[in-house]
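Trainee: One letter stands for each residue in the lines below.
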Amino acid sequence: MKIKFLFPALILPAVALILVSCETTVNSAPPVTAAFVRAGVREKADARTLEEGRNVFLNRCIACHALPDVRHYDSDRIPRVVGSMAPRANLNSEQTHALLKYLVTVKASAASE
Amino acid sequence: MTKITTILSLFLAALCAQSALAGSRRFTYVYEVTTSPPGDIEFENWVTWKTHKPDDHAFDQVEFRHELEFGITDKFQMAVYVADWNYHHGMSAGESGFTLNGSAIELIYNFTNPVSDPIGLAAYQEFKAGYRFFESESKLLAQKNFGRFVVAYNATLEAEWEGEGLEAREGEFQQSLGLSYEINPHVLVGAEFVHEIAFPEWSETEPDKFFAGPNISVRRDKWWATMTALAQVTREGDEPDFQVRTIFGFSF
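Chains as they are written, first to last, in the numbering used here: chain A, 1 to 113; chain B, 1 to 252.
These aren't lab readings, by the way, just hints derived from the structure by calculation.
What you are looking at is a predicted structure, and each value in this text was computed from that prediction instead of being measured.
You can take every hint at face value.
BS3-like cross-link-like pairs, simulated, lysine-lysine; straight-line CA separation at most 30 Å:
(1) A/K107 / A/K44
(2) A/K107 / B/K222
(3) B/K222 / B/K75
(4) B/K75 / B/K128
(5) B/K75 / A/K107
Let's have the full structure, built from the sequences with the hints guiding it.
Mentor: Next comes the structure, spelled out in structure tokens:
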């Protein structure tokens, strides 16, 4: 393998690795921990529903966008946004409900920290 | 028509298409690891304008792809490229006119998630066939999402057979990198980089080619369009110095 070829062949993944190591994780989907489930109980959501909601977000929503900063959303906005987005992500009613519960719990969990 | 006017015309043509957010792309030269939701059918149109080669300043080529994409499961999607065709002009393009290049089928399978797993990975396979032409293209797709910031990398190995009896062979290794930042859910900006090495008859190595440029992706309620402009950083005579690709689509 020529040196001339080796350098450019490695530079692109090296750039990606540098950028990966420099960035911090923000707006990622919080995992369903014990503390998260406790916040979900207040929102009338159980662990299974929250896991389902997180999976819906990870498998459907992230294809287009990051997790919105729902901490600053008022109580009406989350259901409105989920309602408008669900058809575009081909969500059924169960998935839509789970996603809604997950997002309101993200907001509640952030508020309690 | 000036180059700026041509670019704006291509992008405005893309904006006019009705489309939905499902399956929207951040990049045009780099594939992401996420797949279309099951049951989703999306129609995407690609327009790529290539112009000005160091060895042929009059070169102009506009390439078109029309893709039907089907979400099969949460991890698997299939696409059919109904027709790849182009209009070409210039000394290196041979006789000016239209050429139908063929049709293709594409399969993408997602292995890991770019948010919840350390790195998102997917496999891509495309088979393309036309008149005296067959191509197999395999890619490893990698991606990591850091909130609004997305990094995607593709490693591609391409094998072509063409001519009478498909006797002429060529290989190509390509790697591409895409960076995208979500300003808001409707506008994303970023950059793309492409590095290519061709292997004629699998026995020689042509000089490396490197391209880089910015991109922008715009999504509204019913449509999305993504545009990338690449400039050739190297000075390979038979490669376009400048190219612009726009992809726009809509879901049924």
